[in-house]
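Q: Quick mapping for you: the protein sequence lines, in order, are chains A and B.
Read left to right, the first sequence gives residues 276 to 577 (the numbering used here).
Read left to right, the second sequence gives residues 64 to 458 (the numbering used here).
These aren't lab readings, by the way, just hints derived from the structure by calculation.
All values reported here derive from a predicted model rather than from experimental measurement.
We put the beta carbon where it would ideally sit given N, CA and C, even for glycine.
Hints may contain errors.
Cut-off 27 Å, straight-line C-alpha distance, at most; resulting in silico cross-link-like pairs (DSS-like, lysine-lysine) [unchecked claim]:
(1) B:Lys-232 <-> A:Lys-388
(2) A:Lys-514 <-> A:Lys-549
(3) B:Lys-154 <-> B:Lys-209
(4) B:Lys-347 <-> A:Lys-549
(5) B:Lys-249 <-> B:Lys-86
(6) A:Lys-433 <-> A:Lys-509
Label pairs and their calculated CB-CB ranges [as the list claims (entries may be wrong)]:
(7) A:Pro-526 <-> B:Gly-362: 24 to 32 Å
(8) A:Pro-526 <-> B:Ala-100: 37 to 45 Å
(9) A:Arg-285 <-> B:Ile-214: 47 to 55 Å
(10) B:Arg-456 <-> A:Asn-283: 53 to 61 Å
(11) A:Gly-412 <-> B:Glu-408: 38 to 46 Å
(12) A:Ala-392 <-> B:Glu-73: 31 to 39 Å
(13) B:Asp-319 <-> A:Arg-529: 13 to 21 Å
(14) A:Gly-412 <-> B:Gly-157: 52 to 60 Å
Okay, the calculated bits of chain B under chain A, using three or more residues with CB under 8 Å as the criterion [said to hold, decoys possible]:
(15) 183–192
(16) 283–294
Residues per chain are reported as follows:
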Amino acid sequence: MAILVDENTRVLVQGITGSFGGRHAQLSLDYGTRIVAGVTPGKGGQVFEHDGHQVPVFDTVEQAARETGATASAIFVPPPFAADAILESADAGMDLIVAITEGIPVRDMMTVKTSLAGADSRLIGPNCPGIVTPGSGPESTGGCRIGIAPGYIHQRGKVGIVSRSGTLTYEAVWQTTQLGFGQSTCVGIGGDPINGTSHLDCLRMFNDDPETEAIVMIGEIGGNAEADAAQWAKDHCSKPIAGFIAGATAPPGRRMGHAGAIVGGANDTAEAKKNILAECGITVAETPAEIGTALARAAGWD
Amino acid sequence: MNIHEYQAKELFDKFAVPSPQGKVAGTPEEAEAAAKAIGSDTLVIKAQVHAGGRGKGTFKNGFQGGVHLIRSAGEAREIASRMLGQTLVTKQTGEDGKLVSKVMVAEAVDISHEYYLAILLDRETSRPVIVASTEGGMDIEEVAAKTPGKIIREFIDPLLGIQPYEIRKITAGLGFGKDEGRQFGKLLANLYRLFIECDCSMVEINPLVTTPDGQVLALDAKFGFDDNALYRHPEIVAYRDTAEEDPREVAASEHDLNYIGLDGNIACLVNGAGLAMATMDIIKFAGGEPANFLDVGGGATKEQVVAAFKIITGDPNVEAILVNIFGGIMDCNVIAEGIVAATREVALELPLVVRLEGNNSAAGKKTLAASGLNLITADDILDAAQKVVGTTRAA
Numbered sequence: 276m277a278i279l280v281d282e283n284t285r286v287l288v289q290g291i292t293g294s295f296g297g298r299h300a301q302l303s304l305d306y307g308t309r310i311v312a313g314v315t316p317g318k319g320g321q322v323f324e325h326d327g328h329q330v331p332v333f334d335t336v337e338q339a340a341r342e343t344g345a346t347a348s349a350i351f352v353p354p355p356f357a358a359d360a361i362l363e364s365a366d367a368g369m370d371l372i373v374a375i376t377e378g379i380p381v382r383d384m385m386t387v388k389t390s391l392a393g394a395d396s397r398l399i400g401p402n403c404p405g406i407v408t409p410g411s412g413p414e415s416t417g418g419c420r421i422g423i424a425p426g427y428i429h430q431r432g433k434v435g436i437v438s439r440s441g442t443l444t445y446e447a448v449w450q451t452t453q454l455g456f457g458q459s460t461c462v463g464i465g466g467d468p469i470n471g472t473s474h475l476d477c478l479r480m481f482n483d484d485p486e487t488e489a490i491v492m493i494g495e496i497g498g499n500a501e502a503d504a505a506q507w508a509k510d511h512c513s514k515p516i517a518g519f520i521a522g523a524t525a526p527p528g529r530r531m532g533h534a535g536a537i538v539g540g541a542n543d544t545a546e547a548k549k550n551i552l553a554e555c556g557i558t559v560a561e562t563p564a565e566i567g568t569a570l571a572r573a574a575g576w577d
Numbered sequence: 064m065n066i067h068e069y070q071a072k073e074l075f076d077k078f079a080v081p082s083p084q085g086k087v088a089g090t091p092e093e094a095e096a097a098a099k100a101i102g103s104d105t106l107v108i109k110a111q112v113h114a115g116g117r118g119k120g121t122f123k124n125g126f127q128g129g130v131h132l133i134r135s136a137g138e139a140r141e142i143a144s145r146m147l148g149q150t151l152v153t154k155q156t157g158e159d160g161k162l163v164s165k166v167m168v169a170e171a172v173d174i175s176h177e178y179y180l181a182i183l184l185d186r187e188t189s190r191p192v193i194v195a196s197t198e199g200g201m202d203i204e205e206v207a208a209k210t211p212g213k214i215i216r217e218f219i220d221p222l223l224g225i226q227p228y229e230i231r232k233i234t235a236g237l238g239f240g241k242d243e244g245r246q247f248g249k250l251l252a253n254l255y256r257l258f259i260e261c262d263c264s265m266v267e268i269n270p271l272v273t274t275p276d277g278q279v280l281a282l283d284a285k286f287g288f289d290d291n292a293l294y295r296h297p298e299i300v301a302y303r304d305t306a307e308e309d310p311r312e313v314a315a316s317e318h319d320l321n322y323i324g325l326d327g328n329i330a331c332l333v334n335g336a337g338l339a340m341a342t343m344d345i346i347k348f349a350g351g352e353p354a355n356f357l358d359v360g361g362g363a364t365k366e367q368v369v370a371a372f373k374i375i376t377g378d379p380n381v382e383a384i385l386v387n388i389f390g391g392i393m394d395c396n397v398i399a400e401g402i403v404a405a406t407r408e409v410a411l412e413l414p415l416v417v418r419l420e421g422n423n424s425a426a427g428k429k430t431l432a433a434s435g436l437n438l439i440t441a442d443d444i445l446d447a448a449q450k451v452v453g454t455t456r457a458a
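All chains should be modelled from the sequences, with the hints used to inform the complete structure.
A: Structure representation (structure tokens):
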């Protein structure tokens with residue numbers, strides 16, 4: 276079942292004619308993702324070709340959606356224009372908007388988020404690696420890959436993964452693949468302080484997904500998202516959860532790469548978050564090397 | 064990105080947020096002229112550094128105090144001459160202190176009451192929040208701990224902006240009288256406009272003061288700017304003072320490397336901010352101390368890897384290096400080639416542990432093996448961390 280996307284999801288790529296968007300559209304097509312359209316203002320009428328695929332390019336999301344039935348959008352648009360791209364997709368009625376872009380001004384995201392309240396579109400990101408529902412083909416092809424994650428590390432399976440990070444997520448994915456558990460869906464919610472989908476949102480969805488039997492939650496310093504998710508999970512989540520929080524050695528007040536990774540006070544340090552997770556019944560991995568084994572322990576699969 | 068007090072005043076002046084008269088000076092003569100121009104009997108002269116605790120600080124030349132009350136233009140010149148070009152050490156600068164290149168000469172004001180006023184981004188609600196208190200001039204965290212009821216918070220709808228009724232609420236909450244209340248209201252509206260238009264992540268006025276002659280003034284200000292928005296604020300970028308920053312970090316930013324210098328002995332180079340933080344964490348777990356945070360990002364070139372190695376090896380505290388790469392989009396062989404080139408170019412003598420996993424890692428490991436370089440490979444992150452810490456123990 277998975278959550279949010281599967282092998283049937285029709286995807287359009289905003290920014291497909293750019294080098295970053297184009298490269299990942301190719302990789303997603305290789306993975307088996309149904310990319311049915313691209314959108315770049317001014318380049319409507321072009322065709323994005325890759326390995327036998329012919330993806331039509333449109334000027335607007337509205338045209339693309341109407342002509343191709345796309346319901347999910349991947350946004351590979353530079354920061355000055357990305358907020359507008361998100362709003363355009365929401366206006367066109369996309370069910371899912373995955374904003375990969377890193378560097379969108381916080382002010383822009385504040386207004387986007389306020390605008391999206393009450394809309395039917397779910398936003399993931401920005402500044403995120405995207406979302407993957409692995410397929411059952413070789414190297415997990417035949418699934419849906421929106422974003423920049425390497426497809427081959429995944430395996431169709433039973434663990435739901437939600438994370439703020441990119442490469443740290445891939446570590447967790449790789450570990451759960453090597454242990455044979457596989458993943459139902461992996462959601463990268465991104466490293467910005469204001470984002471569309473939270474850990475808690477994903478825990479809820481994983482909790483309701485029959486294919487997901489256990490959950491991995493990866494967080495980092497800054498903000499209360501992990502604590503909020505853990506508190507909810509304590510009372511409402513019926514599935515075992517393993518967690519890891521990065522940034523125990525981060526100095527206070529410094530932005531550690533991700534715009535949202537900055538300690539605001541005593542409650543959003545790595546230490547504080549790990550304690551809250553543990554108090555809420557989440558098995559906390561002490562090191563990033565042990566995320567897979569922590570999950571096995573949490574689920575009783577060891 | 065931090066800015067100096069005199070630059071903060073420039074922003075305040077631009078947005079009509081009242082503050083005491085003040086002028087910046089780079090020479091004793093300019094300080095004297097500034098004092099004359101302000102024309103007040105009681106002035107204050109303040110060393111301009113990106114750190115607090117200036118009043119109680121000491122200069123390395125023995126001169127005490129980075130903030131002085133003065134009574135004449137001549138005194139301004141004299142004290143400026145003892146500050147300018149000297150290094151000021153305060154509780155916040157660390158023992159190296161900071162070089163003072165400018166001073167600000169300002170009107171000294173009498174204070175009736177000190178308030179606290181700040182505008183921040185609230186992550187929980189994704190809204191700007193105005194934080195205000197009658198307990199200014201002290202650590203707001205202490206106020207929050209001891210008398211939380213004295214802190215007013217007003218969340219602003221980012222689409223609507225601050226509304227007149229919200230200004231009235233805060234004004235009433237702080238207990239201002241009619242005339243001061245009117246001034247405060249204007250100040251707050253303008254401060255909010257500044258916060259939004261300059262893409263601030265934070266602006267904090269502590270203290271905001273009322274004076275016996277009925278003025279409402281911002282006496283001190285701290286700014287934070289959204290790094291993501293700097294591309295659309297060349298005027299803010301122009302305020303950057305690289306002399307106040309860690310030179311390693313300045314060098315890193317010139318190569319588009321995301322680098323934060325720390326105090327430890329084990330340097331790391333990683334792709335991805337989350338993985339970089341986790342790598343620092345596991346170094347500590349294995350008994351070492353991270354010397355830096357360094358995220359080379361998804362598209363690191365050979366040149367960037369070389370630049371990164373140069374910055375890392377320029378740090379005298381570094382005893383060993385750990386490279387941890389999970390190649391997703393990044394090709395492990397590209398990183399391997401970068402490592403080989405960098406190691407040769409800096410004539411690396413420090414122990415180097417490399418862990419490559421993911422995309423094209425087999426080719427990357429081959430490249431490293433064939434290089435003939437004296438480096439240690441590791442399979443997983445824990446193994447890598449233990450090995451790199453081990454090299455510092457063996458030495």
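Q: Each hint: holds or not?
A: Now for the hints, and whether the structure bears them out:
Between B:Lys-232 and A:Lys-388 the alpha-carbon distance is near 26 Å, which keeps this suggested pair within the 27 Å criterion. As the CA atoms of A:Lys-514 and A:Lys-549 are separated by approximately 19 Å, the hinted pair is consistent with the 27 Å bound. A C-alpha spacing of about 24 Å is found between B:Lys-154 and B:Lys-209, which places the hinted pair at or below 27 Å, so the restraint holds. Annotation: proposed proximity of B:Lys-347 to A:Lys-549 holds, straight-line Cα distance about 16 Å (limit 27 Å).
Simply put, B:Lys-249 and B:Lys-86 have alpha-carbon atoms about 23 Å apart, close enough for the 27 Å limit, and the pair holds. Proposed proximity of A:Lys-433 and A:Lys-509 is supported: the alpha carbons are some 21 Å apart, at most 27 Å. Checked against the hint of 24 to 32 Å, the pair A:Pro-526 and B:Gly-362 passes, with Cβ atoms roughly 27 Å apart. The supplied range of 37 to 45 Å is met by A:Pro-526 and B:Ala-100, whose beta-carbon atoms lie about 41 Å from each other.
Distance hint check: the CB atoms of A:Arg-285 and B:Ile-214 are about 50 Å apart, consistent with the given range 47 to 55 Å. Between B:Arg-456 and A:Asn-283, the C-beta spacing of about 55 Å keeps the proposed range 53 to 61 Å intact. Taken as a hint, the range 38 to 46 Å holds for the pair A:Gly-412 and B:Glu-408, whose Cβ atoms sit roughly 43 Å apart. Distance hint check for A:Ala-392 and B:Glu-73: the Cβ-Cβ separation is about 37 Å, which falls inside the suggested range of 31 to 39 Å.
For the hinted restraint 13 to 21 Å between B:Asp-319 and A:Arg-529, the CB-CB distance of approximately 18 Å keeps it satisfied. About 56 Å separates the C-beta atoms of A:Gly-412 and B:Gly-157, a value consistent with the hinted range of 52 to 60 Å. Note: the segment 183–192 of chain B has 6 residues with beta-carbon separation from chain A under 8 Å; the three-residue rule is met and the coverage holds. Under a criterion of three residues with beta carbons nearer than 8 Å to beta carbons of chain A, the stated coverage of the segment 283–294 of chain B is upheld, 5 such residues being counted.
In summary, the structure agrees with every hint in the numbered list given earlier.
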